Structures are given as structure tokens and as C-alpha cells.
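A.B. asks: Single-letter residue listing:
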Amino acid sequence: MSASVDFQEAGYATERPLLEIKDLAIGFTTSNGEVNAVRNARLTVMPGETVAIVGESGSGKSTTALAAIGLLPGNGRVTTGQILFDGEDISNASEKRMIELRGNSIGMVPQDPMSNLNPVWKIGDQVRETLKANGLPSGPDDVAKVLSQAGLPDAGSRAKQYPHEFSGGMRQRALIAIGLACQPRLLIADEPTSALDVTVQRQILDHLDKMTTELGTAVLLITHDLGLAAERADQVVVMYRGQVVESGPSLELLQNPQHPYTQRLVASAPSLASRRIQAAKELGVETDDMLAPSETGVVEPAKSDDVLQIQNLRKVFKLRSGLGKSTDFTAVDDISFHVKRGTTTAIVGESGSGKSTVAQMVLNLLTPTSGKIIFDGVDTSTLNSKELFAFRRRVQPIFQDPYGSLDPMYNIFRTIEEPLRTHRIGDKASREKKVRELLDQVALPQSTMQRYPNELSGGQRQRVAIARALALDPEVIICDEAVSALDVLVQAQVLNLLAELQSRLGLTYLFITHDLAVVRQIADRVCVMEKGKLVETGSTDDVFESPQQDYTRALLNAIPGAGLMLPPEMDVA
Amino acid sequence: MSTYILKRFLQLIPVFLGATLLVYFLVFSLPGDPIVALFGDKPVNEAVAAKLRMQYHLDQPFWMQYLLYLKSIFTFDLGQDFSGRPIAAVLGEVFPVTARLAIMALIFEAFFGIVFGLIAGLRKGKLFDATVLVASLVVIGIPIFVLGFLLQFTIGVQLGWAKPTVSSAATIPDLILPAIVLGLGSFAYVLRLTRTSVIENMNADYVRTATAKGLSRFQVVRVHILRNSLIPVITFLGADLGALMGGAIVTEGIFNVPGVGNRLYRAVLSGEGPTVVSIVTVLVLIYCLSNLLVDLLYGWLDPRIRYDS
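These protein sequence lines are chains A and B, in that order.
Plus 1286 on top of the position in the first sequence (first one is 1) and you've got this note's numbering.
Plus 16 on top of the position in the second sequence (first one is 1) and you've got this note's numbering.
The hints are simulated quantities; they were obtained by calculation from the structure and are not laboratory data.
Errors might be hidden in some of the hints.
Stated by the list, open to error - Covered by chain A, according to a simulated footprint, are these stretches of chain B (three or more residues, beta-carbon under 8 Å):
| hint | region |
| --- | --- |
| 1 | 26-39 |
| 2 | 228-235 |
| 3 | 240-246 |
Predicted model only: the values in this text are computed from it and were never measured.
The beta-carbon is built from N, C-alpha and C at its ideal position, and this holds for glycine as well.
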């Protein structure tokens, strides 16, 4: 044991791995018997090195990492294989030994900053108990020092606040402070930034990089984002359905993926794809066909006018501040833009920028405080109930959460048929025919009709939501974060489907998203929102190539993998 | 915080007026003439009856009676009961007894409910958990008077571990058995509530994070599971204090405790309006105050809840 400390001082040559996972299998006991979540997992982390495990949800990446810190859920256990931490097999170590290791030898930064801090204790208390449990000095100054090292400004007074008084980014900094408080030799970072806005994400990751480099901490980074993994890690391990399918140095793996799954992942990772489009543009390669499937020209948009005009739109919310008083909060501040028929306009911004409020006003679900929304020449605020009913038929939404937006008690046929029935379109037989057509359009088998939402995957559900939105042959579809909840591969499929439907049916999309990488793939025009204001608007190419505002530049730079160079444009700067 | 407390106290005024009016009206509409009943089997002496009616304002219309009653409250003269004792003295006699009983019951149900619930939750699905769950279901299922008589007979009479009835002094040792009977039903609820809450919190992300910090199992349970789990339990216990005070009628009857329940029962039977209303009003106030206490405790336990600004 003591020898390894000396090695660390001495350098790389004779080092042994800090963490070595050999032929690991993890099983979960369920009511249907033993389920293997991980099989033959293999990875090595050298001291001071960053290794990323990449995979989609359910690939076993988090399970593997949790096993390394002995935090598998109650019904899970290591069935075979070894987890060697500094040469010691800890795969079935006693709880006592694990408590010794946790905190000061192996730290963890968890995924969701909202749920990982105990809401009833002050931030400082939660840091202090970490120091105390590992036998380190835990006075107020020590706590403040740990917090300020994690980049929390004004740490002394911040330590006296509760988690709900912190923003998401600040909470994640507090969690990083906790994870690194005892200067562990290995840090397990489980999707440490996936719940954060893209600019905050970049700051946090930069800071994490800096701290772990200074401390010489090895990092096992779990992520679903290949671009992020490649940018941050020395080594990447790709997991798919519980198995490691490929591993190697990050850039090598990205440039020359061997396994078919990795190839698909590289091809569809949005952050990488947008980078590739950008690079191709610089080479003079025609990018249209990369943005959307080639025009089949089945439906040529009849008129190319502005289907939606937003004029000086404002929305002010009254916030209650106790005892009948209220303060005004301007969620949307004097924004104007227009949407051309048959095109895709994206509204981009961080959470709290007011982009979803705009979507809700366009859908006529919220009444604007002032300003106009003109749909096809008619001010939507003047519609009477009958006209509003007709308006609803022409403008349809697709929402973020494919789990929450489908009624679990309705089978798929009933879900898709419902808008037709509500608008009294056709008879029973023709409606059934229509539902079958819609399922074909979204590439779902017709047998799906008899199934219920809980029997479908996230991607399938979002297809159902799209089919439902298409049922009334709308002209405009408002997609509010419609692909944010999906894994990258599924996300790519859904985006392709949307693009294809647009060229076939002449649809207009208003796409609300926080993900610039997705914007790059689908949008013709971009509106960038910050704190309720429209800071920049223009064609996607212009905005991406020559952003005019600092805020837009910050957003663009924050796309993970933005700095990577990829084939086939490797030689283009 | 102080504005919040002030606001809550101001809310007590309409509650107080509403409760007294309602109870007064109910007593007023009871069938039968309480004065006639006072004469029992003897013939009614009209002159005496008229004098008594005047003394208790029974010759006045309902509104007048109610207003006179309110006046008496604000002049701190609650009048007399039918035996001629000042009602204030009666209240001063019975409330301490019942308060002692209710607080003992509360301590019993809180302590054992939380301890058993915590252990059951931490060992979900194990033998202890299953046993405790079934036992609590049995306790909830059996009416309190059956449990009361059963314990009185076995523990009090057959085993002689405790006195089967309570002396007029109603000392703490006297009240142990009645307090257990009174708290038994709520004990089962507290146990189940704690258990559910603990199970929910055990799977919380912050509990896993706490474990990842290197905390021992005991520290994780004490700091991160127990406090968070107690929030709903405290709410229940606070509301239950009020219910225990008023709900002790059956238990006090079984063990012959000289408390609120016994006195209230007799007052209802003999139609003593002012006595009934006075007792019920104090109960209502206790109920409101214990709820206020719960809300303040709630804010202390869960910092996300803040009552001003």
C-alpha cells in the first residue's frame, strides 16, 4: 500500500492502475428472477487519468461506476469479476472497509444537483459532515475553503444557506466540493452536468478539470454525450447493453470507431454532427443534404409568406411576495420575430430565458400581457371560441416529456384518434384508416395501435406524440424541447423524421430548445433568447458562423466537443 | 415570522366565534327542557323553574342567549353549572387531568411509533417489519373500547400490574394504562407513517450521496433519513394532540378518569349549555393552537417552508 504512494511521486513508468475493473458482471434480483445489468465490463484508470464511460440510458454505465464505490441499489450485487482499487479487490468488500474508502479515497459527484443535497440541512453542514466523517478538520473556515475551491463565491456566508436558495450550477459546485473535500484519489462523476444549462455546464466542467489536475485526482466520468467525453477524457469506454463494446484513447476512438454501435454513436452525436456540418461548410461541401433529407418535392409550400408574426410580445407574471403584495416578473420582454411557412425556426436559450413562455403564448395557452401574435394574417387574441377551436386544429404542440404527455389509460389508437374525434372528423372507419396512415408516417408498426404507453420506449412514445400532432393535418407544429428527453441515437431518428415530414407535408416548425447542437441540425432560422429578451436572430448559418452577441458566442463555445476536429475534415481548422 | 404568527392568531377569532355559535346552537336545539329534567320525579315548582330559567337566561331567544354568553366570556365570568359551581373552577379541575392523560398518550405514541416505524422501515420486508405491520393493523382494526376493556381486565385486574381505575387525584402512575389505551390507535398510525416515510427517504438521492461521503450507516440514518422522515409524522402528532384531548371520552369512561371527557358527557346529558360550550371552546382553541405549533415546527424542520416574504 505504502509503495503505491511512492509510485505516485515517482511518476508514470512503474505505476499500477488506480482502478481496474476485470470481467465484471452485476446482477439485479427482480420479481422475474436475476437480471444481468452488466457483463464482462473491463476498464482501467491510471492515477491522475480521466476515463469516460459513454453509453445510452440503460447501458450499465452508471451501474458499473456505482459498483466501484459500493453503492449498488439493494437488489444488485457483483456476481463475478473483480474491482481492484489500488490493487485491492473491493468488489465484495465489507461495508466497514467501503466506509473507510468512501470520501477520502473514492469520491463521488452525482448527477442531479436538485435531488442530491439534503433539503433540510445547510450547505455548510453537508460539507462539514464529509470532512468530519473522514477525520479532517471541519471548522467553518475549513468548510468555506472547500466550497471556495469549488468555485463558489462568497463561500463563508453561502455555507449558511440551504440548498433551495442555490441555483442548479451552485448546487453542483457544492456537490463537487463535497466530492473532492477529502482529496480522494479517484473521483466518480456520474453525469455531473447533464441537468445544467450548456454554458453553466462548461464552467463547471472546466473547474472540475482544473481541480482534479491540481490535486492529481483520477476521474471516472459517466456521460451519455460522446462529444463531452472526447473533450474531457484521456480514455473513452463505450458501453452498450451492459457490455463494453469498445475502448481506447478518446480521439483515436472518435476518428476511427471500430464497433458498429460506436460508429452510430459518433455519427449521430449532435454536438459532433454540428461540428462536422460546420467543418464541411468551410470546405465548400454542400450542407443542405446534411441538414435535412433531400427534397422530394411531394408538397411544394403553396405560399412562402410568414405564417406566424410575433410583434412586441411581452408577458409579465405577478409573483406573490407575501401579504397580498406582488412583484412583477417580466418573463418575455418585447420580442418580435416571424416564421416563414414551411421552415423551421428555433428559439434557443437557457432555462429561465422565457422561451417556453413564448411557445405557450403562440399556442394560445397563455395570454400575452401586450403585443400581438398574428397567425396567417389574423391576430390570435381576437379569436372567439369557435375560431380558437379552428386555430387549435392548425397549430399543434409536441412536448418534452414523452412519458407525461400521453395518457397512460388510453391505448395508442385512442390517443391518436382523440383529436380527430374532438374535431368530429370522418366516421369510425375513416378515422381508423387515418390512424394507420399516421403510424406509417412516423414509422411505427400498425400493431402499435393496441398497445399502451407504458409498453413503449421513449423514442416510440415521442413518435406517437408526433403522430397525434399530425392527426389534424396542422400547418404549424410547436416542438417544446421535443427531443431533449431522448437518448442521442433516438434523438437523431426523431429529428430525421421531423425533417422528412416537413419536406413531405410542408410543415412549419417552431422549435424550442436549450440544445444548440440540435438547432444546428434542424433549424433554418435561430432566435436566441436571454432573460426574456431576444438578443440575436438570423439564419442558422449566420448565427453559427458569425455570432454577433457575446451571449450567443458563449452558448456556441459551450457545446461539448466544439473544439474537437473530426474526420473527414480533420485538416480544416 | 412574527407577522405570520400574528396573522394566525387573528385567524383564531372567526374560528372561535364560529365554533361557539355552532356548539351553542346545537345545545339549544337539544330536545327536552333541562330545567324540568332537574326536578326529576318530583312535580315542577313553576316559581323555582322560572327563577332558574332567568338565572341561566333560558327565557331569552337564542341570539340573546348567545350574546349574553359571549359577554360572560369577555368579562371572565363563565357562570355556574347546574350544581351551582363556577364553570371556570370546573374547567380548572378537569383540563389538567385530561392534558396530563393526552400528553402521556402523545409521548407513548410518538416514541414507540417512531422507533418501531424507523426499525421496520430500515428492515423493509424482514420479519420485524412484517410482524409490526400486522400488529398495527390489528390495533387499528379493533375499536378503542374493546382494547380498553381488554387491557383493563388483563393488565389491571388479572395481572395487577396497574390500577384498573383511576383515583380522583389522577396521578401519573394512575394514568399509565389509560394513556396507553388512548394512544394505541395513533401509535399504529405513527408507526406506519414513519415506516413509509423512511422507506421513501432511504431511496432518495441525497441519502446515496451521504453514503458516498464516507458517513457510517448510523450517521446516514440519524442525520439524513430520520429528520426528513419526521416531517409528516410531526404534522400528524400535532393534529393528534387536539384529537386526543377531545377524543378521550371513551377512555375516560372506561377508566373513570375525572377529566374533560367525563364532565362533557355529563353536561351534554343534562343539557347544561354554558358548560358544554365552555369545554368545547377550550378544546377548539387547543386544537387551533396545536395546529399552529405544528406549522411552526414544520418550518423549523423543513427550511424550504418559510412563512414570511
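A.B. asks: Checked against the structure, which of the hints given earlier come out wrong?
C.D. replies: As far as the earlier hints go, only 1 is violated by this structure.
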